[in-house]
Amino acid sequence: MDYAAQTAVFLLAQFPKLLAGFLITVGISAAAIPLALALGLALLAPRMAKSRPVRSATVGYVDLMRNTPLLVQIYLIYFGLPVLGFFPSEFTCGVAGIALQHGAFLVETYRAGIESISERQREAARAIGMNRFTAFRLVILPQAMMRILGPLGNQLIVLIKDTSLVSAIGVAELTMTGKVIIERSAASVEIFVAVALFYLVLTSVLGAAFRLIEHRVAERI
Amino acid sequence: MIDVRDLRKSYGTLDVLKGVSFGVAKGVVVVVLGPSGSGKSTMLRCINQLEDYQGGEIRIDGVPVGYSTGAQGRNAHSEAVNARLREQVGMVFQSFNLFPHRTAIDNVMMGPVHVRGVAKAEARDLARALLAKVGLSEKADQYPAKLSGGQQQRVAIARALAMQPKVMLFDEVTSALDPELVGEVLRVIRQLAQEGMTMIIVTHEIHFARDVADRIIFMDDGVIVEEGAPERILSGASGARLRLFLRRYQGDYLAS
Amino acid sequence: MFNVLLGNLPYLLQGALVTLWLSVAVVGLGTLLGVGMGILATTRSRVAQTVVTGYIFVLRGIPVLVVMFLGYYAFPAFGLRVNIYVAVGLAQIVYLGAFVAEITRSAILSIPAGQIAAARSLGMRRPAILRQVILPQATRIAIAPLLNSALTAVKQTSYASVVGVWELTYAAREIVERTLAAFQIFIGVMAIYFLICYPLSLAARWSENRLSFSH
Chain A
13 MDYAAQTAVF LLAQFPKLLA GFLITVGISA AAIPLALALG LALLAPRMAK SRPVRSATVG
73 YVDLMRNTPL LVQIYLIYFG LPVLGFFPSE FTCGVAGIAL QHGAFLVETY RAGIESISER
133 QREAARAIGM NRFTAFRLVI LPQAMMRILG PLGNQLIVLI KDTSLVSAIG VAELTMTGKV
193 IIERSAASVE IFVAVALFYL VLTSVLGAAF RLIEHRVAER I
Chain B
314 MIDVRDLRKS YGTLDVLKGV SFGVAKGVVV VVLGPSGSGK STMLRCINQL EDYQGGEIRI
374 DGVPVGYSTG AQGRNAHSEA VNARLREQVG MVFQSFNLFP HRTAIDNVMM GPVHVRGVAK
434 AEARDLARAL LAKVGLSEKA DQYPAKLSGG QQQRVAIARA LAMQPKVMLF DEVTSALDPE
494 LVGEVLRVIR QLAQEGMTMI IVTHEIHFAR DVADRIIFMD DGVIVEEGAP ERILSGASGA
554 RLRLFLRRYQ GDYLAS
Chain C
23 MFNVLLGNLP YLLQGALVTL WLSVAVVGLG TLLGVGMGIL ATTRSRVAQT VVTGYIFVLR
83 GIPVLVVMFL GYYAFPAFGL RVNIYVAVGL AQIVYLGAFV AEITRSAILS IPAGQIAAAR
143 SLGMRRPAIL RQVILPQATR IAIAPLLNSA LTAVKQTSYA SVVGVWELTY AAREIVERTL
203 AAFQIFIGVM AIYFLICYPL SLAARWSENR LSFSH
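Chains as they are written, first to last, in my numbering: chain A, 13 to 233; chain B, 314 to 569; chain C, 23 to 237.
These are computed hints drawn from the structure, not numbers from a lab.
Mixed in with the good hints, there may be bad ones.
[Said to hold, decoys possible] Far from chain B by the CB rule (all over 10 Å, computed), these chain C residues:
hint, residue
1, Gly58
2, Ser128
3, Asn170
4, Gly210
[Claimed, not checked] To spell it out: a stretch of chain B is covered by chain C in this simulated footprint if at least three of its residues, at any positions, have a beta carbon under 8 Å from a beta carbon of chain C; those stretches are:
hint, segment
5, 385-396
6, 410-422
[To be verified] Some chain C residues judged to face chain B by a derived CB distance under 7 Å, without partners named:
hint, residue
7, Ser132
8, Ala135
9, Gly136
10, Gln137
11, Ala140
12, Ser143
13, Met146
14, Arg147
15, Pro149
16, Leu152
17, Gln154
18, Val155
19, Pro158
Ideal Cβ placement from N, Cα and C applies to all residues, glycine included.
One chain only, chain A, in its complex shape:
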């Protein structure tokens, strides 16, 4: 058989394993995304608080996450917690690390969206008699959500790509699976091309889905 045919047969044989790894990747993402979104929301109020110490503490956290690699944060959690007596699973460590980092990025995304709604909108809302909270709920929030959707979608796609890092602590997601297959067989680059394809399909589909959601929301508003 020629090279192309051989490779195709081989890759097809590995497909179930790769698919299993892919599903774990999806699982990590599905677990980390809600946590990150929630963390970002939870940090939003302190991030925009009037009190300077509260604001600075939050900014400090965001800066810490922004200026240190996610991999090191994951290592800290995975290798560090046992020292303190906790033994969470690799999966949990990975999800936690990802959520903690992306929650910090997301709070900035939320904030940028809200602050981008011009001061005039707020004034206009108050001028027709809304109090601060109603103004926020009916005028600022809907428009902010529109502004946030794009960057939010992008950030979540970055999150999904970051799940590849948990291969470093032994979680059998897609990247790790690729590595294992290569180590246990004569396979080489082709496996990682297949891995790349899996990721590409995932990110493209999600990217398209987000753009669709953006359009639909834009029509409503």
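Model the placement of chains B and C on the given structure of chain A, informed by the hints.
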């Protein structure tokens, strides 16, 4: 000097110019009137090859613009040839299009320095003279953001003049201006006309058209509908489409 | 409390030095590659546009770690023996290039078409238009996003450790495996990365604020 024959242009299936023919002799000022979508701006942009065209011929001083017709049919000119042509045709745009990251005088110097390779000092002198001509000497070192619309447009005119073009094309240059700023720009154009510059002016300013035009062309829907001396065209003795246009744009014009 | 960290600091600092070299090489060459491809994408050549668009799409859709593995395995697959730093470094350069290409392309395309028309109507040709009109303005627009991608690239040098490249994070893991003092070591390493990255992050934020007001 400018010879347009049976000019045809389409965007895909949409025909924008459907056989436009006219000529502009040296020193003559032609004003083109017409409703939006009549193709007047497109025609202007074909003359300096900012747009290509599919049929007909344009010649400036006998030299074909954009395409040469040889034994094998139509050959498109290279970008180099088109660029050389554009050095001789000055254009001023509705939205001024000044370079925001350069001062007024730098804008005016752009052409001579970066196209003709003129030395900076010499170009600066030329630019200063041109800015003085359009009445903006004191604004030479200002950035466009600090200038009013009328001032920006006058800088744009000076910038085009810096290349010492044979012909000047004006594409609705006062349409984006606040009413009180229109006069200063028209004044500069009027002065150019008096100095004998060959010009094609697309505008909505009908009073100005009567004032400065040697000839008026009325375009509608991709063709020239009427053409002639201002007094005749703009008096009551004109066709139905032109009268409709005049009524819409300056309702009181015919009455005056 | 931090004595293990302090004891191993020299070793970690050596790792930090490697990280710095890697970062400079990746950011420098990756940005260069990306700017070149970004400019290519704005030419009239259909081929160039398709190639660059495809390059950007594929690379931005997969994790950098996968690209690093591809780089690691690609050379031997073609029978070439290449230094691991070169293999993985090249992978990172190609990866950063995609992001920089997109930033460059959108910065260039954001220059209003009217200015290009005005430049052309003066008789300017494309190289002069690029140099005098487009790039000066596009650079201002692109600086903040470029600094942010540089910041990301620096952090991503740590991922190379997963592929087997020896730099700061790899050194840290070696020490942790030997001493089990995970907490101190990784906190120390985070501090070192913070020191390396914070200036970049400040520069990015400064440029975001200062350069978004003009024009």
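**Prompt:** Going through the earlier hints one by one, which of them does the structure break, listed in rising order?
**Reply:** 7, 8, 15 and 16
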